[in-house]
Amino acid sequence: MHGIYYVILPLFAVLLVLLTTAALYMGVFRAHRDGASAARKALSGVASGALACLAWFFMYSHQYLGW
Amino acid sequence: MNTNSMAINYDLNRKSWFSSLYGLREVLPGLLAMFFIAIFSNNLAGVPNPFTLENLFAWLDGVIGPLHHQSFFQIMNSNFVWNPLLLGLILGNVFGVPDCWKRGLSYIHMLMPLGIIMLAPHFMVGHAFKLGAAPILICTAFLFLTATVTLWVSRLLRLDDRHGSIIAGGLATGDPHACAILMPLIKAKGGQVVHATACVIVFGLIAMQLLPVLGEWVGIPPKYLGLASVVGVGNGSQALYAAFGGGYEAGRWATWFDVGRHVIMPAGFLYVFIVMFVRKLRRRNDPEVLATRGVKTFPVWLGVFVFLWVLACLHVFKEPAHHAVFAMVKWDFSLAAAALGLSLSFREIAGHGFKGFAVTCIAGLIRIALLLAAILVCVKTGLLPA
Chain B
0 MHGIYYVILP
10 LFAVLLVLLT
20 TAALYMGVFR
30 AHRDGASAAR
40 KALSGVASGA
50 LACLAWFFMY
60 SHQYLGW
Chain Z
0 MNTNSMAINY
10 DLNRKSWFSS
20 LYGLREVLPG
30 LLAMFFIAIF
40 SNNLAGVPNP
50 FTLENLFAWL
60 DGVIGPLHHQ
70 SFFQIMNSNF
80 VWNPLLLGLI
90 LGNVFGVPDC
100 WKRGLSYIHM
110 LMPLGIIMLA
120 PHFMVGHAFK
130 LGAAPILICT
140 AFLFLTATVT
150 LWVSRLLRLD
160 DRHGSIIAGG
170 LATGDPHACA
180 ILMPLIKAKG
190 GQVVHATACV
200 IVFGLIAMQL
210 LPVLGEWVGI
220 PPKYLGLASV
230 VGVGNGSQAL
240 YAAFGGGYEA
250 GRWATWFDVG
260 RHVIMPAGFL
270 YVFIVMFVRK
280 LRRRNDPEVL
290 ATRGVKTFPV
300 WLGVFVFLWV
310 LACLHVFKEP
320 AHHAVFAMVK
330 WDFSLAAAAL
340 GLSLSFREIA
350 GHGFKGFAVT
360 CIAGLIRIAL
370 LLAAILVCVK
380 TGLLPA
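Respectively, the protein sequence lines represent chains B and Z. Numbering follows numbering that gives the first Met the number 0, with no gaps: position 20 of the first sequence is 19. Numbering follows numbering that gives the first Met the number 0, with no gaps: position 86 of the second sequence is 85.
If you're looking for bench data, these hints aren't it; they were derived computationally from the structure. Just so it is clear, CB atoms sit at the ideal spot from N, CA and C, and this is done for glycine as well. Be a bit skeptical, because a hint or two may be false.
[What the hints assert, rightly or not] Cut-off 25 Å, straight-line C-alpha distance, at most; resulting in silico cross-link-like pairs (DMTMM-like, lysine to aspartate or glutamate):
1. Z/Lys188 - Z/Glu347
2. Z/Lys186 - Z/Asp98
3. B/Lys40 - Z/Glu25
4. Z/Lys101 - Z/Glu347
5. Z/Lys329 - Z/Asp60
6. B/Lys40 - Z/Asp98
7. Z/Lys101 - B/Asp33
[Unchecked claim] Taking beta-carbon pairs under 8 Å as the criterion, some of the chain Z residues facing chain B (in silico):
8. Leu27
9. Pro28
10. Leu31
11. Phe34
12. Phe35
13. Gly45
14. Val46
15. Pro47
16. Asn48
17. Pro49
Chain B extracted, bound-state conformation:
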């Protein structure tokens, strides 16, 4: 890994985590609905973020892009 990839690949990892968080937040926790309470929105946000980080941590740990 060299050059521009030091910038692109970490940014891409952030994008993967954000997209997974959004998918879990809307698809699994259904917290994006107008009827959902603020507490549910906040908790769902934290939970989906944590799950996304966990999933990608393991994916990144087992291949050539990993640390």
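Go by the hints and put chain Z onto chain B.
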């Protein structure tokens, strides 16, 4: 709200020309669906996800073992377009597609032309010069001949002209990708494109069994059985299966000749588009002419593709750039094919019936007969040295 009041509201609320775009909240669900289907279908650049359909097929190929030196799923034409299409098709048909996904899925109309433009550096004509004049001429002549014969047979059998054009593109170029590439040019329906792709692949399966037997029967030498497989069967691994079916030497020669078919592929789909576009311009008021119906002028993005293809042929794009751009093409077509798969039902695809397959078989068999005759004449006259 009717269309008029929507237009008035839009005029009152718009702030800049960006206001005409959908908001992020409206498109996000559809974009996420495309994204996750894409990363679970193909090994895409930058994504460390090992649980992909591509890896599953590769593992199953290892279990099945090689068939005439080819992997089973490669023979079935599994690739970066086919995998997400299949996954999207299964998910969409089994679980249904929520309405909130549909705005995001409409991005397919931007992704397809963008992907085609980015494909340009993939086809360097210079790579085929090593073959010599006669094989290049055979590849080129049969590309145009197959496209013309297929369009003619589809008219004869009164097949929908959009469906016929897509089959012509796929069969002539010897690559079912071309069916997807022609979709935005011909303005074909998604069901017609998937049906045409299936026709080309299934006919390829028949042709790859038939060609080595016919080639041996008419007495084509192994070297040119390789050329005959590449031009007469196409579809990558199907051509190699046919050639290795004729013997190891023919198979090795097929890998040598395959580049001749590959580099002129854009000429095939450009030819089909231009023929159908000119036909539509000549018969503007004919209700039977449906192909390229929504295309009013020559598309600017296609002009950009042709321009970039010329630059590629002049070796303006260096090899690392070509590989980086192709990684982007894989991303682009994976997203687009996922959207296409999600938006189709099995019934819509099967509804196009048997006629398309009949057109593919007739045109494909005419091509094989003429090709074997042409190669035999060239070998006897010494145009193709043994």
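Against the structure, the hints come out as follows:
1. Z/Lys188 - Z/Glu347: 10 Å, holds
2. Z/Lys186 - Z/Asp98: The hint holds at about 23 Å.
3. B/Lys40 - Z/Glu25: This hinted pair holds, its Cα atoms lying about 19 Å apart.
4. Z/Lys101 - Z/Glu347: With a Cα-Cα distance of about 18 Å, the restraint between Z/Lys101 and Z/Glu347 holds, given a limit of 25 Å.
5. Z/Lys329 - Z/Asp60: Holds - the C-alpha atoms of Z/Asp60 and Z/Lys329 are around 21 Å apart, at most 25 Å.
6. B/Lys40 - Z/Asp98: 23 Å, holds
7. Z/Lys101 - B/Asp33: Between Z/Lys101 and B/Asp33 the Cα gap is close to 20 Å, so the pair holds against 25 Å.
8. Leu27: 6 Å, holds
9. Pro28: At about 6 Å, which falls below the 8 Å cut-off, the nearest Cβ of chain B leaves the hint on Z/Pro28 intact, so it holds.
10. Leu31: Holds: closest Cβ of chain B sits about 5 Å from Z/Leu31, inside 8 Å.
11. Phe34: At about 6 Å, which falls below the 8 Å cut-off, the nearest Cβ of chain B leaves the hint on Z/Phe34 intact, so it holds.
12. Phe35: Because about 6 Å separates Z/Phe35 from the closest Cβ in chain B, which is inside the 8 Å limit, the hint holds.
13. Gly45: 5 Å, holds
14. Val46: 7 Å, holds
15. Pro47: 5 Å, holds
16. Asn48: At about 6 Å, which falls below the 8 Å cut-off, the nearest Cβ of chain B leaves the hint on Z/Asn48 intact, so it holds.
17. Pro49: Hint on Z/Pro49: holds, closest Cβ of chain B at ~7 Å, below 8 Å.
Violation of the numbered hints given earlier is absent; every hint is satisfied by the structure.
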